[in-house]
Amino acid sequence: MSKYTLNVNGQSRTVDVASDTPLMWVLRDNLDLVGTKFGCGVGKCGACTVHLNGVPTRSCMTSVSTVGRKAVVTIEGLSADGSHPLQQAWCELDVAQCGYCQPGQIMTAAALLKENPKPTDQDIDDAMDGNLCRCATYLRIRAGIKLAAGLTTAGHGGGK
Amino acid sequence: MNTPSLSRPVDRRDFLKFSAFAGGGLVLGYYLKSAGSASAAEVVKPAAGAEFKPNAFIRIAPNGVVTLVSKQPEIGQGVKTSLPMIIAEELEVNWKDVVVVQGDLDAAYGGQSAGGSRSTPNNYNEFHKLGATARTMLVEAAAQTWGVPAGECSAAGSAVHHAATKRTLKFGELVAKASTLPVPAAADVKLKDPKDFKLLGTRIGGVDNPKVVTGQPLFGMDTKLPGMLYAVYEKCPVFGGKVVSANVDAIKALPGVKDAFIIEGTANLGGLMPGVAIVADSTWAAFSARKQLKVTWDEGKAANDSWDAFTAKALELSKQPGASTVHQDGDVTTALAGAAKTVEAAYSYPFISHASIEPQNCTAWFKDGGFELWAPSQNPGGGQSAIVSQFGVPKEKVIVHLTRSGGGFGRRLSNDYILEVAAIAQKVSAPVKLTWSREDDLRHDQYRAGGFHFLKGGIDAAGKIVGWKNHFIAFGSVQAGRGGAAPALRAGTGGNLDAEQFPSKFLPNFLNEISVIECNIPMGPWRAPNNNVFSFVMQCFIDELAHAGGRDPLELRLELLAQKMSGNYDAARMTAVVKLVAAKAGWNPKKFPRGQGQGISFHFSHSGYIAQVAEVTVSKQGELKVDRFVCVCDVGQQIVNLSGAENQVQGSIIDGIGTAMFQELNLERGRMVQGNFNDYPMIRMPDAPGKVEVHFLSSNNPTTGLGEPAIPPVAPALCNAIFAACGKRVRQFPISRTDLRWS
Ligand code: FES
Ligand code: FES
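Respectively, the protein sequence lines represent chains L and H. Its first residue numbered 1345, the first sequence is counted upward by one per residue in my numbering. Its first residue numbered 4, the second sequence is counted upward by one per residue in my numbering.
In case anyone wonders, no lab produced these hints; they're calculated from the structure. This structure is a prediction, so every number in the text was calculated from the model and none was measured. Think of the CB as a built atom: it goes at the ideal place given N, C-alpha and C, for glycine as much as any other residue. A hint or two may mislead.
[Unchecked claim] 25 Å max Cα-Cα, derived BS3-like pairs, lysine-lysine:
id, chain 1, residue 1, chain 2, residue 2
1, H, Lys297, L, Lys1458
2, H, Lys255, L, Lys1347
3, H, Lys297, H, Lys261
[To be verified] Here are some chain L residues the structure puts well away from chain H; computed CB gaps all over 12 Å:
id, residue
4, Lys1347
5, Lys1381
6, Gly1426
7, Arg1486
[Unchecked claim] Here are the simulated distance ranges between beta carbons:
id, chain 1, residue 1, chain 2, residue 2, range
8, L, Val1386, H, Ser392, 32 to 38 Å
9, H, Asn307, L, Met1345, 40 to 46 Å
10, H, Pro258, L, Thr1410, 55 to 61 Å
11, L, Pro1461, H, Gly730, 26 to 32 Å
12, L, Met1345, H, Asn250, 20 to 26 Å
13, L, Met1345, H, Gly160, 56 to 62 Å
14, H, Lys294, L, Gln1355, 29 to 35 Å
15, H, Gln624, L, Pro1461, 52 to 58 Å
16, H, Glu503, L, Thr1410, 24 to 30 Å
Whenever a hint applies, use it, and build me the whole structure from the sequences.
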């Protein structure tokens, strides 16, 4: 066991864990930030996506010992109150079915929009390819990203 | 299960009896058989003037907040939003004043299993009555307050109004008075006319959406209790194998490990399977220790089974007559002999996993001789019963809290993981959460069974179908039959080709027969069980016969639907959705250039009549792109939540495409080969069609569910479109196994 001081959602958090512990389990078990989800553990579903210095990262594949002082942002820290345009769009279009994949979808999409505020359909498909949605809400995820980006005022397949 | 039936009429005497028992608290007659249950008593406890609680599902606070209990498990099918909407509609409460809470397992709520797309039809009428009864009491309370006849008052917008004097009392202001009133007899409760619905049929966002998008704890996996430990459970990779020995002492010495032990288990493939448990102080410590685990297994009788051997066996069986007849009309042999043309085809599909995105997990605490569980389950009552019979504890000592589930698709109707965590909890004196890895989930599922169909069909000179024969080779095991019939080799879940499966009873010369291959693979219901594969076989073979006879696939289908002979299939409802989907899609397969195609299909299951048209592009290199899907659904009179209903159908279509295109588990040496999403591909965004158009056709029939019935027609519409595009007939799942190149 070793002590690691992490910068999570703007706060300094210290944990005492095995050095090979994936960041995902540190967030979930040690820091009670359970919005970061376990889906596969091998980097293939995207449910565990967080931002490391703004880069969307699979936290299941990231050992706590490699994080250092990089800024970790989780879904809980994306906005103070659920007001990020993607979070609002997701509610507006009723994107989720089970909802389990959606924090990871939103984190990947948030990184996309930061890099590329007006993505094309192809840009969206390329960026979101690593995030599985078993309930297959892909149409509304696409629509949600476009709504948040101001590319549409309503999406196909959603709306309150 | 000894729970009251939701369809039970209000029994006034039950009400009075129980009402007296409960000290005069306010209850409705529904859900009263469970008078002894602790939480039912809690529900009817006099509210001390605090809240109006007309029944187990509704609480109205003096500040006007209306709390509605959602009793069904929420697995992504949207019931936590849609069922409370029904109560709210009748109650005349503004949706913004409603808070929905998840109910635990409680006999006071009636049945709580979410399966078979039954949550809506099983509760629709009763939920209307619950809301209407409470509304009637609030109106009565206002009328008494004003000293006017109740008939002059009406409820709307979370308040009661007296139009003549323009007086209004908000629901919150009526709580105290309403709590003193008797529950009206069912005959005195008037349900709303559907034409006056304000909420049903509109788009309402999921009640948990704000929590979902901010990552708040909701799911079973998110459960955390003080002092909780973390467990993993290793089972034999060969189904039914037992533990001979394991290095548990070495495991116990590893960092963070609190305990490790062998669980003997049972031979029940859906029950507590034998295995080795590791309990640690964190999930990662348990996962890490598991890598050091060495188990000697007795792999048992299935150790040499393989998909290849099963396929060879199916071919061999196909050459013999079926072991039993499913349904027969006329004389198919003579009809096929006299046909102008016959077509033979063999269809097959592999075993697949549910692969719900949240791996199986459950938290349990064994204390005071009983269990308390936090379960992401579709079937919490089944979990409770399984624990009662496995561990011999009384039912009232098994408390089940329901969490949200990260997908279900039928997987969480089986309670194997609940039994496992209970067995582990019994040995540790702390709450413990069991977490399956994705590999556990794919290699120890209750699988969608594979199957083989050997078909022969005949057409006359006009292309009309004159004979149809299908020899279905299913998977199964030796088991007792229904009603205590002696053990015999019987098809497992997924092998129920019944006599109502279209085109059964639509063709004068018809034979469906079945043979069964014995296996030791756990099989369970997978979203629209049986139907999700039978539709592929039947609707594609109809297409083959249409093309063989030079007939338009739509026109031949309408001809078939017009010749119903017997049975419960509503051919008129199906004809209506087929015609509408053709119109909405602009059915005209001839207009597409080579490399593009349009395909049609329809299917009835889970009370829903669904028709779909697919449009695809297949490149000369054989790459498949799904361009468009159009779907028409008749699920009765009323769509409850338009947003949720449409989401289910869109999701079903994309799930159906992905399952057909990619999914396959291979069995070698008795074990499933694939283990994670690297070798078990799921559909991703780039493969989802750009256009999915969903239409609902309201019919004068009971309102039914949408979690399942839209998935069966997807694969055949897709495969029929592929044939239209490139002339390649897909007869095997996954589609990726068929070479679609053309020149
Ligand atoms: S859990 Fe990290 S990618 Fe699946
Ligand atoms: S909403 Fe269920 S997995 Fe995406």
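Here is how each hint holds up against the structure:
For the proposed pair Lys297/H and Lys1458/L, the alpha carbon gap of about 47 Å is over 25 Å, so the pair is violated. Under the criterion of a C-alpha separation no larger than 25 Å, the hint pairing Lys255/H with Lys1347/L is consistent with the structure, at around 23 Å. Distance check on the hinted pair: Lys297/H and Lys261/H sit about 18 Å apart at the alpha-carbon level, within 25 Å; holds. The claim that Lys1347/L is not at the interface with chain H holds, since no C-beta of that chain comes within 12 Å of its own (minimum 15 Å).
With a least CB separation of 7 Å from chain H, Lys1381/L falls inside the 12 Å interface cut-off, contrary to its annotation. Distance check on Gly1426/L: its Cβ comes as close as 5 Å (rounded) to a Cβ of chain H, failing to clear the 12 Å threshold; non-interface status is violated. Distance check on Arg1486/L: its Cβ comes as close as 7 Å (rounded) to a Cβ of chain H, failing to clear the 12 Å threshold; non-interface status is violated. For Val1386/L and Ser392/H, the hinted distance range of 32 to 38 Å is satisfied, since their beta carbons lie about 37 Å from each other.
Between Asn307/H and Met1345/L the beta carbons are some 45 Å apart, a value that agrees with the proposed interval 40 to 46 Å. Separated by about 20 Å at the C-beta atoms, Pro258/H and Thr1410/L break the suggested range of 55 to 61 Å. Between Pro1461/L and Gly730/H the Cβ separation comes to about 45 Å, which falls outside the hinted range of 26 to 32 Å. Between Met1345/L and Asn250/H the beta carbons are some 23 Å apart, a value that agrees with the proposed interval 20 to 26 Å.
Separated by about 59 Å at the C-beta atoms, Met1345/L and Gly160/H satisfy the suggested range of 56 to 62 Å. Lys294/H and Gln1355/L have their C-beta atoms about 32 Å apart, which keeps the hinted 29 to 35 Å range intact. Judged by the Cβ atoms, the range 52 to 58 Å given for Gln624/H and Pro1461/L is violated: they are separated by roughly 35 Å. Distance hint check for Glu503/H and Thr1410/L: the Cβ-Cβ separation is about 59 Å, which falls outside the suggested range of 24 to 30 Å.
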